[in-house]
Amino acid sequence: MIDVKVKHTYADYLKTSDEERFELLDGELVMAPAPLLYHQFILRKLLNAISGYVDEHDLGELFCSPTDVVLSETDVVQPDILFVSRQRNKILKPECVQGAPDLVVEILSPSTAELDRTTKLELYAYHGVKEYWIVDPEAKTVMVLLRGQNRFEVAGTYGKGHTLQSPTLEGFTVQVEDLFEVYWEA
Amino acid sequence: MSNTKTRFTYSDYLETSDDERYELLNGELVLSPSPKEIHQYISSVLHILIGTFAREHNLGRVYFSPFDVVLSDTNVVQPDLLFVSNERTQIITPDNIRGAPDLVVEILSPSTAELERTTKLELYARHGVREYWIVDPSAKTIMVLVLGLDRFEVGGIYGIGHILRSPTLEGFRLPMEELFEASLET
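Those protein sequence lines, which keep their order, are chains A and B.
Numbered per our numbering, the first sequence spans residues 1 to 186.
Numbered per our numbering, the second sequence spans residues 187 to 372.
The hints are simulated quantities; they were obtained by calculation from the structure and are not laboratory data.
Check the hints yourself; a few may be wrong.
Pairwise CB distance ranges (calculated) [claimed, not checked]: (1) B/253 with A/26: 16 to 26 Å; (2) B/216 with A/48: 44 to 54 Å; (3) A/36 with B/367: 43 to 53 Å; (4) A/186 with B/216: 20 to 30 Å.
Capping the alpha-carbon separation at 30 Å, the derived lysine-lysine pairs in DSSO-like fashion look like this [what the hints assert, rightly or not]: (5) A/93 with A/130; (6) A/45 with A/90; (7) B/222 with A/140; (8) A/15 with A/90; (9) A/140 with A/130; (10) A/160 with B/222.
By construction, the Cβ of each residue, glycine as well, lies at the ideal position given by its N, Cα and C atoms.
Chain A on its own, in the form it takes in the complex:
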């Protein structure tokens, strides 16, 4: 059993049970609960849309959660989706991504919304993630943040009727409402 009060490192993180998903945020082990069905639905739609584009243009590698991203000894996250460009594939290791992905996508869920928007935003900005999408299933919007000098800038916020564009995945577009449209009670 691991004492969750002390500051943990990547080595401690690797010892956690495989049956539960954790993230390591500023030395604190945070449990990631199983996501809602609607969260997973949006994840698949997004992945589908991005995956085709990335492969077609041979841009780099795309991963989805659970994939460990080791930002530092005390910061390990599992973004919902992450993209690493070809030029930066040195950060791909057999067991994890060792450094900041070019693009990170987080889909908010009620239990993690606060974390995703507060702690993780700072972490991603600090460790040099170039682009960060915050997907809000409730508002049915995607906020595209782009790293400026030392903080994220709002490159665009997209909702119904909008076409999302990504500075990192140049030329990529997706109709935002297609990501959120379900034919069952979500």
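Following the hints, put chain B in place on chain A, whose structure we already have.
Frame of chain A, contents of chain B only:
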């Protein structure tokens, strides 16, 4: 937005029924639904805290919805809360605010979340609102956006345990617990 639709102007807006609240966004009349308890609770706490701070430090004036802000002839909004600094009081008229407030606060509700995150964010940036807070009652976070060269930058995202700071209201501190911990569970 469809360009085949009629674009309304401020004079059309003034003719709408007083029984219903509208905003005019890019020439389109958008009905504002009656807010929920959590929305009004947060609005009242923020009004007390920001209003008191602005008065004590003699910084300017604070208003809350409904009060018209005329950004242009086709854009009229009623922000949940707004602040106009002493240096810019010439934009205050007996009927409305004519121009961009220094600070605008919008509290998300399920029916308007998309609008606040997309259309209004873009409007506020375009018309030169210096600082925009997006309060998310379900995630219990406030995103503070600060106008950069031509787009908003993320000044910070604050959740429980954090102290919000505002570049516009220099010296203002808001421990987030004060806002969210006392609110009723919904």
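Given the hint of 43 to 53 Å, is the C-beta distance from residue 36 of chain A to residue 367 of chain B inside that range or not?
25 Å Cβ-Cβ, so the 43 to 53 Å window is violated.
Has the hinted range 16 to 26 Å been met by the Cβ atoms of residue 253 of chain B and residue 26 of chain A?
Violated, since residue 253 of chain B and residue 26 of chain A (Cβ atoms, about 41 Å apart) do not stay within the stated range.
Quick one, are residue 222 of chain B and residue 140 of chain A close enough, alpha carbons at most 30 Å?
Given pair residue 222 of chain B, residue 140 of chain A holds - Cα atoms ~20 Å apart, limit 30 Å.
Given the hint that residue 93 of chain A pairs with residue 130 of chain A, test it: the Cα-Cα distance must not exceed 30 Å.
20 Å, holds
Can you let me know if the beta-carbon spacing of residue 186 of chain A and residue 216 of chain B is within 20 to 30 Å?
25 Å, holds
Within a Cα-Cα threshold of 30 Å, do residue 45 of chain A and residue 90 of chain A meet the stated pairing?
Holds. Residue 45 of chain A to residue 90 of chain A sits at ~28 Å (cutoff 30 Å).
Starting from residue 15 of chain A, check that the Cα of residue 90 of chain A is at most 30 Å away, please.
Given that 30 Å is the threshold and the Cα spacing comes to 25 Å, the pair holds.
Pairwise hint evaluation, residue 130 of chain A against residue 140 of chain A, where the allowed Cα distance is 30 Å at most
23 Å, holds
Does the alpha-carbon distance linking residue 160 of chain A and residue 222 of chain B stay inside the 30 Å limit?
Holds - the C-alpha atoms of residue 222 of chain B and residue 160 of chain A are around 23 Å apart, at most 30 Å.
Outcome for the supplied range 44 to 54 Å, where the beta carbon pair is residue 216 of chain B and residue 48 of chain A:
Between residue 216 of chain B and residue 48 of chain A, where Cβ atoms are some 32 Å apart, the hint is violated.
The structure is inconsistent with the numbered hints 1, 2, 3, although it conforms to all the rest.
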